[in-house]
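*Asks:* Next come the chains, spelled out residue by residue.
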Amino acid sequence: MIILNCLYIIAEVLLAIFFFRFGLKYISHFGTLGENTQLKVWNEELQIYERKTGDNSMLILLFSVFTIAAIILFIWILCLIVKNIRKMIQLNKKGEHILSFKEVLMDLLDGKFHITLLAAPMITLVLFTLLPIIFMVLIAFTNFDSSHQPPGELFTWTGLTNVTDVFLGNSTKTHTFFGILGWTVLWAILATFTNYILGMLLAILINHKLVKFKKMWRTLFIISIAIPQFVSLLLISRALEPAGAVNAALLKCGIIHSPLPFLTNTTLARICVVVINMWIGIPYTMMTFSGVLMNIPAELYESAEIDGAGVLQSFISITLPYMIFITAPATITTFVGNINNFNVIYLLTAGGPFALDYYQAGKTDLLVTWLYKLTVDQHDYALASTIGIFIFMIVSIASLTVYNHIGSVKKEDMFQ
Amino acid sequence: MKKTLISGILAASMIACLSGCGGNKSSAANNVDDLNSGSKENESSSTSKKDVTLKVWGAQTDQELLKELCEKFALEHPENNWTFDYGVVGEADAQARYLEDPAAAADVFSYPDDQITTLVQADALYEVTRDVEKIKKENTPGSVDAASYNGILYGYPMTADNGYYLYYDKSVLSQDDVKTLDGILEAANKKGKKVHMDVSNGWYLASFFIGNGCTLTLDESGKQVCDFNSEKGLEAAKAVREFCNNKAFVTGDDSVLQGGIGDNICCGISGPWASESIKEKLGDNFGAAKLPTFTCGGKQVQMGSFLGCKILGVNTQTKYPVEAMELARYLTNEESQARRFEVLGYGPSNNNVASSKEVASDPSLKALAEQSKFAISQHINGDFWTPAEAFGAELEAHSKGDLKKMLDKLVEQVAGK
Chain A
1 MIILNCLYII AEVLLAIFFF RFGLKYISHF GTLGENTQLK VWNEELQIYE
51 RKTGDNSMLI LLFSVFTIAA IILFIWILCL IVKNIRKMIQ LNKKGEHILS
101 FKEVLMDLLD GKFHITLLAA PMITLVLFTL LPIIFMVLIA FTNFDSSHQP
151 PGELFTWTGL TNVTDVFLGN STKTHTFFGI LGWTVLWAIL ATFTNYILGM
201 LLAILINHKL VKFKKMWRTL FIISIAIPQF VSLLLISRAL EPAGAVNAAL
251 LKCGIIHSPL PFLTNTTLAR ICVVVINMWI GIPYTMMTFS GVLMNIPAEL
301 YESAEIDGAG VLQSFISITL PYMIFITAPA TITTFVGNIN NFNVIYLLTA
351 GGPFALDYYQ AGKTDLLVTW LYKLTVDQHD YALASTIGIF IFMIVSIASL
401 TVYNHIGSVK KEDMFQ
Chain B
1 MKKTLISGIL AASMIACLSG CGGNKSSAAN NVDDLNSGSK ENESSSTSKK
51 DVTLKVWGAQ TDQELLKELC EKFALEHPEN NWTFDYGVVG EADAQARYLE
101 DPAAAADVFS YPDDQITTLV QADALYEVTR DVEKIKKENT PGSVDAASYN
151 GILYGYPMTA DNGYYLYYDK SVLSQDDVKT LDGILEAANK KGKKVHMDVS
201 NGWYLASFFI GNGCTLTLDE SGKQVCDFNS EKGLEAAKAV REFCNNKAFV
251 TGDDSVLQGG IGDNICCGIS GPWASESIKE KLGDNFGAAK LPTFTCGGKQ
301 VQMGSFLGCK ILGVNTQTKY PVEAMELARY LTNEESQARR FEVLGYGPSN
351 NNVASSKEVA SDPSLKALAE QSKFAISQHI NGDFWTPAEA FGAELEAHSK
401 GDLKKMLDKL VEQVAGK
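Same order as they appear, the protein sequences are chains A and B. With our numbering as the guide, the letters of the first sequence map in order to residues 1 to 416. With our numbering as the guide, the letters of the second sequence map in order to residues 1 to 417.
The set of hints was computed from the structure by calculation and includes no laboratory data. The C-beta atom is built at its ideal place from N, Cα and C for all residues, glycine as well. Any given hint could be a false lead.
Said to hold, decoys possible - Simulated restraints on C-beta separations:
| hint | chain 1 | residue 1 | chain 2 | residue 2 | range |
| --- | --- | --- | --- | --- | --- |
| 1 | B | 61 | A | 376 | 22 to 28 Å |
| 2 | B | 72 | A | 118 | 57 to 63 Å |
| 3 | A | 208 | B | 93 | 52 to 58 Å |
| 4 | B | 405 | A | 126 | 50 to 56 Å |
| 5 | B | 93 | A | 31 | 32 to 38 Å |
Unchecked claim - Straight-line distance between alpha carbons at most 16 Å, and here's what the computed EDC-like set of lysine to aspartate or glutamate pairs gives:
| hint | chain 1 | residue 1 | chain 2 | residue 2 |
| --- | --- | --- | --- | --- |
| 6 | B | 319 | A | 50 |
| 7 | B | 238 | B | 408 |
| 8 | A | 373 | B | 383 |
| 9 | A | 40 | B | 127 |
| 10 | B | 405 | A | 357 |
| 11 | A | 52 | B | 127 |
Claimed, not checked - Covered stretches of chain A (in silico footprint by chain B; criterion: 3 or more residues with CB under 8 Å from a CB of chain B, positions within the stretch not fixed):
| hint | stretch |
| --- | --- |
| 12 | 145-159 |
| 13 | 300-306 |
| 14 | 346-354 |
| 15 | 377-391 |
Sequences and hints are given; from them, build the entire structure.
*Replies:* Next up, the structure:
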């Protein structure tokens, strides 16, 4: 126990050293995120403007987050020490056995094994996911954009400006956000359900008694999975260009007289991405449904037939409930995946056609591709971070609500 | 016994805390020492031979030449022990990679002139203060202007070929045809050929507006100024719409032009990077000329353009500013630029190299030089591209929308912030 406390104290000392030697100079600027930009001083001898390093808002924010985490850890360990000492005093009074260090260690492999097991995942989760996310979330409350790039220009706290910009203040940004949000939801619904329904129909068709060479058909459709998604997407986007293969073929055949604006007309581009997404997605749903179909007990159909049910009746009463029940959780995952379906949109249209009434976005942009453009092309980190928070809220609320209301969760025990 | 132990532990932790504070004080003292020693180092630099490590960024294709020139520089400057660290960062990525972590970025790096605003605002670049008059004299005025911001030179002009002009098929178009856009369209329509221009790319789209005297630049505070919605801009936009509605018009990126020229495309607008492949396709029919004039408000107006440069900049975070500047100066001097043209074919910004026989006889660079009389520097920020693309795409799609309203929206987005 004493060795354990000593270890705790060593940890406390290390944290304190970290705090005073490293964290303090950052956290002391946390309120303003730095005031002194890099200074220029004329050096007559060398004939140059020498730079005196100033503050860097981004580093201040980043290391402040780490320092605050260190402070919390410090307090937590302090509590542990106090608790341990109090326990030792109590045990001592009662004259009971105080655990030796070895026994404490042994306990970690036995009674407290869950702590040992979870330690590594938890630590990495906090270090590589939680802390960066906090850092990113904090950026949403600053004005870190293209005109506030440290070390030349520092950024600072602006409170909820970004949030109000998106919802009320800035008409272009508001219009863009809601326009893109609407399309994102529409896209997610269309992309999920077209794949769902058509994949199901395809699976039923292939599985039908009258269809010969079932394995061949299945393999043919699965071959399209073998080609990496981004390759087929880039190829298709090339083929759909005004001078691309599709237009050239249609022109040669005399079906059209001028190239069709597949990816430059809003409606056509939206239809194109949904249709091409089917090409990418249907083989996967077909595979899932084939598996489910083959697992439906044949007796069910036989007894239905004896009771006089037709093909349609047994489909509606047996196949459909069975499939929906099993695939509902996977469908939610697909839906959420489609809200954030970066690949299909970015590689096909890059969000285009761009719109004059949108802020740095196009008519097929999803929230996530807009976010990407704001970050990578525009360096508008604060706005992008705000949008990121909204995406998170929308996705988590939607999926949690739906998830808690589907049959497979409510009647979890029905399938054993 | 236990109690004394506990109090001992507590005392130890107190001491630890105090020593933590003590550590802080001593580190502050260390910092002061560091500063002093830093300045001492600087003082001693001019007298004795020292180790200088410089990190240099260049594009993948330029790496070999970069190494060659850096090694030559080291030979000619034996007063220091040089170590060069080469990084593959193309010009287009320079700004983004720099801003990720300025302290870890290269000491000397090349960037295109359209990034100069962001880089200067981030205080990334050393002003050129040594030899500045000489450098301004040695390089073309256009390239010096491109490398300057608010009248201060922020880098060493390296190339001056980031512009565009007209490529044409001599078997379809005559030298007279390519003087006017109307002439080109007429000849192309007669032979059933197409005229290529990527109107839905702000870089090319701007040539109509610049040609008709519109402004697109940044003011002293870094705010973008754009008057494309003026009377002149409206005239230019009408000309763009007419061009897009012409039967011979075809759009698309460079690959469309490179693939189609000589077949169904008779001419197109692009830059020096397309030169090789177009030469290959057209062979003896290869032609390059300055951009044509276009009919605008009843008059013939010369199309303008952007002329960009690649510039070598010196990172303000470098430990060896003077040495980095010397290297940047060397890499952009007459000799290096001549070698760069010889090896890589990049158009030089140096006056002497630009007027040399080899450069002047290159048809592409000759066309670029002619066009550069009507070109402006690309002092614009990132807010321009997306709205400009949106505007161009609408015209390409033969939209019948009100041009004035569209231009108002464009300007609001471009010059809004």
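*Asks:* Determine for every hint whether it applies to the structure shown.
*Replies:* Against the structure, the hints come out as follows:
no.: 1; hint: B:61 <-> A:376: 22 to 28 Å; verdict: 23 Å, holds
no.: 2; hint: B:72 <-> A:118: 57 to 63 Å; verdict: 59 Å, holds
no.: 3; hint: A:208 <-> B:93: 52 to 58 Å; verdict: 54 Å, holds
no.: 4; hint: B:405 <-> A:126: 50 to 56 Å; verdict: 52 Å, holds
no.: 5; hint: B:93 <-> A:31: 32 to 38 Å; verdict: 34 Å, holds
no.: 6; hint: B:319 <-> A:50; verdict: 10 Å, holds
no.: 7; hint: B:238 <-> B:408; verdict: 14 Å, holds
no.: 8; hint: A:373 <-> B:383; verdict: 12 Å, holds
no.: 9; hint: A:40 <-> B:127; verdict: 10 Å, holds
no.: 10; hint: B:405 <-> A:357; verdict: 11 Å, holds
no.: 11; hint: A:52 <-> B:127; verdict: 15 Å, holds
no.: 12; hint: 145-159; verdict: holds (count 7)
no.: 13; hint: 300-306; verdict: violated (count 0)
no.: 14; hint: 346-354; verdict: holds (count 3)
no.: 15; hint: 377-391; verdict: holds (count 3)
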